[in-house]
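Start from the sequences and build out the full structure, keeping to the hints where you can.
Okay, here's what each chain looks like letter by letter:
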Amino acid sequence: MSPTSLHRTASPNVAGSDTLTVGVLALQGDFREHLAVLRGFGADAVPVRRPEELDSIDGIVIPGGESTVIDKLSRIFGLAEPLKRALAEGLPAYGTCAGLIMLSARIVDGIEGQESLGALDIDVRRNAFGSQTDSFEVDLKVPAIGEPPLHAVFIRAPVVERVGDEVKTLATLRDGRVVAVEQGNLLGTSFHPEMTDDHRFHRYFLDKVRAAR
Amino acid sequence: MTITNDSNTELGTSRVKRGLAEMLKGGVIMDVVTADQAKIAEDAGAVAVMALERVPADIRAQGGVARMSDPDLIDAIVSSVSIPVMAKARIGHFVEAQVLQALKVDYIDESEVLSPADYVNHIDKWQFNVPFVCGATNLGEALRRITEGAAMIRSKGEAGTGDVSEATKHIRTITGQINELKSKTKDELYVAAKELQAPYELVAEVAATGKLPVVLFTAGGVATPADAALMMQLGADGVFVGSGIFKSGNPERRAAAIVKATTFYDDAEVIADVSRGLGEAMVGINVADLAAPHRLAERGW
Chain A
2 MSPTSLHRTA SPNVAGSDTL TVGVLALQGD FREHLAVLRG FGADAVPVRR
52 PEELDSIDGI VIPGGESTVI DKLSRIFGLA EPLKRALAEG LPAYGTCAGL
102 IMLSARIVDG IEGQESLGAL DIDVRRNAFG SQTDSFEVDL KVPAIGEPPL
152 HAVFIRAPVV ERVGDEVKTL ATLRDGRVVA VEQGNLLGTS FHPEMTDDHR
202 FHRYFLDKVR AAR
Chain B
297 MTITNDSNTE LGTSRVKRGL AEMLKGGVIM DVVTADQAKI AEDAGAVAVM
347 ALERVPADIR AQGGVARMSD PDLIDAIVSS VSIPVMAKAR IGHFVEAQVL
397 QALKVDYIDE SEVLSPADYV NHIDKWQFNV PFVCGATNLG EALRRITEGA
447 AMIRSKGEAG TGDVSEATKH IRTITGQINE LKSKTKDELY VAAKELQAPY
497 ELVAEVAATG KLPVVLFTAG GVATPADAAL MMQLGADGVF VGSGIFKSGN
547 PERRAAAIVK ATTFYDDAEV IADVSRGLGE AMVGINVADL AAPHRLAERG
597 W
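Line by line, the protein sequences are chains A and B.
Basically my numbering = 1-based index in the first sequence + 1.
Basically my numbering = 1-based index in the second sequence + 296.
If you're looking for bench data, these hints aren't it; they were derived computationally from the structure.
Each hint should be verified, as a subset may be incorrect.
What the hints assert, rightly or not - Here are a few chain A residues that sit away from chain B, every Cβ distance over 12 angstroms (derived from the structure):
1. D45
2. L88
3. A145
4. P150
5. G165
6. R214
Claimed, not checked - What follows is a list of derived Cβ distance ranges for each label pair:
7. A:G114 - B:T330: 18 to 24 angstroms
8. A:T197 - B:K490: 33 to 39 angstroms
9. A:G131 - B:V391: 22 to 28 angstroms
10. B:E476 - A:D140: 37 to 43 angstroms
11. B:E444 - A:P149: 31 to 37 angstroms
12. A:D208 - B:E444: 40 to 46 angstroms
13. B:Y415 - A:T173: 50 to 56 angstroms
By construction, the Cβ of each residue, glycine as well, lies at the ideal position given by its N, Cα and C atoms.
Structure, rendered in structure tokens:
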């Protein structure tokens, strides 16, 4: 695994001049896909597996994967506490699927002992749609990122069951269930933009990272 | 299909089938034969469990025909954990696969560890909404399974032995053959497709991208944290551990150690640390001592 990209090219898609350093939590899951998307936007994207790797980043992405595993490993290897502190101090973060679960304040149906980072003031339910045979793709209207609708991929996906006062809902399914949220520098989606060619959510996140720096 | 009211919802697409395997990357999938074992595996950090009636080491020791598990057992395991549950169907046994889909397992393993039901045809996996993982010993076999609809590949290794040498051979063969394809010119790829006995379009795609179009795990003989890290350093996206955990002296500890070594596969200090005090590893059989008819990897083609 190459720890950093050798090419630090400025992206035409992200305003500003200096390269952003964005970490991707790389304990388990589809972190390579996120690294590739972020590099495509000209960011210096780096995998994060150790606490000290949190020090030099301007923002962090928590990927899709198995939330019970990412939670466990983040605590065993001493990442969870420093990451919680960094998030509390305003580190921008974007979580997809398991990453959304990790960022949440409360997991409605976590396994015994499962913890989350408590950054986003939301409650989430894991596997909210059923088993893998209920996984699906759908076009979603997301006003914050504009037209056309975003083709969203849901894989054993969670939904947001409670949205805190400070939290803005960015997208819902037609039945009203919340699948994308934003709170200050934090962004979370039940679905996986990193699995498609439409990366407007990553661009939206990088704009936040740049503004927060 | 009660999941959403959205009219343009699509289920069972290649993207969602392959996508679940993408989410399992960097993780360990563990064989379990009871709900209690499934719970232990989940608590130890498994990304998914494989529900089966007997682990490969016991199938090997007890002999006889090995089939799909009892639906009661699969139900018990599905209801005991929240992580994905996989289950095995016999090669070519599409009715066992239909049953497993009806039981709502998250992935079906069309597996050489069970006795094949058809020595000519594999299951037409495109007919299912549930995704399939299939074993392969080389690139051609992997591409044939993908052509039939497999959404994930695992190198076979030699299940139930605790001997990692076949797993090493198969992952090296697959990655080596991919590297060979990358260096070929377009006209050479036609011949490569013929030799691999795989469709030209798929061969050309692998040559261009330098990887399989689906996730590649390894399986068969992984018994220690160092074995798991070896597979990851050889290019696997993740690891299946069959008999290696629950046939060992301290399953909880060994399972957690293999999970950690899979994440930190390139950090020898972490691997050293997690390898301490794990108790007895599974006893194991050297693959070289197995008579050819008892080698499971040779099932499937």
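Problem set entry | Non-conforming hints, listed in increasing numerical order | The structure breaks only hint 4.
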